[in-house]
Every structure is written in C-alpha cells, then in structure tokens.
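With chain H held as given, fit chain G onto it using these hints.
Listed here are the chains, written in short residue letters.
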Amino acid sequence: MAHESQRGPLGEFEQVVILAIMRLKDNAYGVTIRTEIAARTDRRPTAGALFTTLDRLEDKGLLTSQFGDPTPRRGGRAKRYFSVTAAGVAAVVRAQRSYQRLLKGLRLPEVVDA
Amino acid sequence: MRNAAALAEWILSLVTSRERAAATIGDLVEEEARPFAFWGSIAWTAFSLIWRDFSVAPLGMFGLALYGFVITILFSAFQGVAAALLIVYVFPGALPALSMNRVVGTSLVLGWAGSFITGVLLAHRAGDREMAGCFAVLILDAVVTVAMAGNPPAAPVGGWYSGTLGSAFVFLLGQMFLVAGAACVRRRRLRRA
Numbered sequence: 001m002a003h004e005s006q007r008g009p010l011g012e013f014e015q016v017v018i019l020a021i022m023r024l025k026d027n028a029y030g031v032t033i034r035t036e037i038a039a040r041t042d043r044r045p046t047a048g049a050l051f052t053t054l055d056r057l058e059d060k061g062l063l064t065s066q067f068g069d070p071t072p073r074r075g076g077r078a079k080r081y082f083s084v085t086a087a088g089v090a091a092v093v094r095a096q097r098s099y100q101r102l103l104k105g106l107r108l109p110e111v112v113d114a
Numbered sequence: 001m002r003n004a005a006a007l008a009e010w011i012l013s014l015v016t017s018r019e020r021a022a023a024t025i026g027d028l029v030e031e032e033a034r035p036f037a038f039w040g041s042i043a044w045t046a047f048s049l050i051w052r053d054f055s056v057a058p059l060g061m062f063g064l065a066l067y068g069f070v071i072t073i074l075f076s077a078f079q080g081v082a083a084a085l086l087i088v089y090v091f092p093g094a095l096p097a098l099s100m101n102r103v104v105g106t107s108l109v110l111g112w113a114g115s116f117i118t119g120v121l122l123a124h125r126a127g128d129r130e131m132a133g134c135f136a137v138l139i140l141d142a143v144v145t146v147a148m149a150g151n152p153p154a155a156p157v158g159g160w161y162s163g164t165l166g167s168a169f170v171f172l173l174g175q176m177f178l179v180a181g182a183a184c185v186r187r188r189r190l191r192r193a
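Protein sequence lines, in the order shown, are assigned to chains H and G.
Take the first sequence: its letters are residues 1 to 114, numbered as in this note's numbering.
Take the second sequence: its letters are residues 1 to 193, numbered as in this note's numbering.
In isolation and in its complexed conformation, chain H is listed as follows (with noise of 0.2 angstroms):
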C-alpha cells in the first residue's frame, strides 16, 4: 500500500472510477462498473483501461478487492469484487472540495444536453 505522500492527486478517471463503485456497493466487478460508468457518464470506457486504473488504485491502498465464487457464464471464472478504502473515500472528497473551489464565483454558461 502507497503511503499519502506518495499517492498524489487523483486522476479525472481515477474518481470517476471510484464513484461508480462507491455506487455500487456489493456488487462492483468489472462489468457492473463499466455500465455504470458508461450509464452515468455517456462515455464507455475501455476494458484495459479500466482494468490498469482499478489495479493502481488498489496497489495506491485506494481500493481493496475480493474473489467471488466462479461461474460458469464466465467460463468458470471468479469475479473480483471492488470496495473503496476510508483512504479513498478521503481522495475523492479531496479532489471534488478541489473542484468546488475552482468553481466557487464562477458564472459558468447554461448548457443544454443535446
């Protein structure tokens, strides 16, 4: 596990990535979390990138992760379930107070989704 130092800001993905889990609470493997980012976000990330970023953030003590039970829809492979650190619920909270700051007095125009 990375020490605080060590870890340095999070990445837009990285947070991005954490929310989604944050999210889904019990049931955060691989592909729960590239629907709920790609439903949240319009953007479907890909799978490599997704599986680079989830690996850091658990190397970074960001995350932690289990082994479920294998299945045979995944060729009798198990799922590893993700769940946010106390350390990565403070990142993330960390970089949003830093973005609410940026905004704080701004007067950002109206945008219409089209």
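It is worth saying that the hints were derived from the structure and are not from the lab.
Keep in mind it's a predicted model, so treat the numbers as computed, not measured.
Wrong hints could be hidden among the right ones.
Stated by the list, open to error - Coverage of chain H stretches by chain G, computed from C-beta distances (three or more under 8 angstroms per stretch; other residues unrestricted):
| # | segment |
| --- | --- |
| 1 | 25-34 |
| 2 | 51-60 |
| 3 | 71-78 |
Stated by the list, open to error - Taking beta-carbon pairs under 7 angstroms as the criterion, some of the chain H residues facing chain G (in silico):
| # | residue |
| --- | --- |
| 4 | A47 |
| 5 | G48 |
| 6 | F67 |
Backbone N, C-alpha and C fix where the C-beta goes; we use that ideal spot for every residue, glycine too.
Chain G in isolation, oriented as in the chain H frame:
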C-alpha cells in the same frame, strides 16, 4: 472462444497474478467481447502493467536491461569461440564444404538458444517483473541494433536474413525466445505459489 480465453488468461498471468488474470478474462467473457475488442483489451492491459513496472523502478529496469544485454554479448562471444574451436580442432576439413546458409542457420539456432537462456537468467534476477525485464532488454537491443545498422559490415552477407525485413524478423524471433525463457521461469513460480 474458450481456447482464446485460456490463451489470453495465460498471457495475462505472465504480468499479473493468476487470480487477477482469471477475473479480467472472466469479465471479458461475460461481456461477450468481440475478438478485436477482446484482444485489444488484453494487449492494453498487459502493456499497461509492464509500463507500470517501468515507471515504479526505472533505474532497476535499466539495470536489468544492461544485465540482459551483457549476457547476450557473452553468449555471442562464447558461440563464436565454440564454433571456431569446433571447426579448427574437431572438423578441420569441413569449413570449405560448409554452405553459407548452414553456417548462418546454425548461428541463428545457437543465438535463439542463447536468447532463451538469457530470458531464464533475466527472470531469476527480475523477481516478479519478468516481462518488464524482457521489455527493457528488447528496447536496449533495438536501440543498439538500429545504431549498428548505420555501420554495415565491409563485406555484407547475402540472403533473406541480411535485408531490413529479414533482420527485423530474426531480431523479433530472438526476442520471442527471450520472452519464452522468462515465461518458463514465471510459470514455474506460479505453480509453486
């Protein structure tokens, strides 16, 4: 698809734990990813994991590259000396009868065997970063090969192996033997774990 998944799982297990590799492949199987997306994800994930090993310990990777490169040079020198001794002392009359292709073919086979052994030695030194070590050697080998390509030998040898494409093919095949050697060590480690 089942064979492809098993192969992909084997490839990923070279760069991450067996459990993580299986879970990653399980996700792709569950999503019924198309072949291009499936193999693209495998390639991206494997490359990213190797790159992470590089970024975590760049100096260590450079050291591994030098280690592998020195072993390669030593093997080449050993092969040259062994071949010369064989011709001079064991088969003194054989040299005129040997065709160029046979000489080159034999040295290629010896070179690939050397690459395989280099891969094995490299993996023992690299810890659980076997593939990153191989990648480091590949980069250093490529840089040296390209640099040497600017100074061709005075008497170039003809044949398919001496052109740019032939050289690239021989180079890549050599690297595959290097990776194969490291992969053997990795598999043995995973079996023991």
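Okay, the hints, checked on the actual structure:
1. Taking a C-beta to C-beta cut-off of 8 angstroms, the segment 25-34 of chain H contributes 4 residues in contact with chain G, enough for the three needed, and the coverage statement holds.
2. Coverage of the segment 51-60 of chain H by chain G holds in this model, with 4 residues showing a Cβ closer than 8 angstroms to a Cβ of that chain against a need of three.
3. Three residues within the 8 angstroms Cβ limit are the bar, and the segment 71-78 of chain H against chain G gives 6, so the coverage statement holds.
4. With 7 angstroms as the threshold, the beta carbon of A47 of chain H comes within range of chain G, its nearest partner Cβ sitting at about 4 angstroms, so the hint holds.
5. A distance limit of 7 angstroms between C-beta atoms decides the matter here; for G48 of chain H the minimum to chain G is near 3 angstroms, and the interface restraint holds.
6. Among the interface hints, the one on F67 of chain H holds; its C-beta lies about 6 angstroms from the nearest C-beta in chain G, closer than the 7 angstroms criterion.
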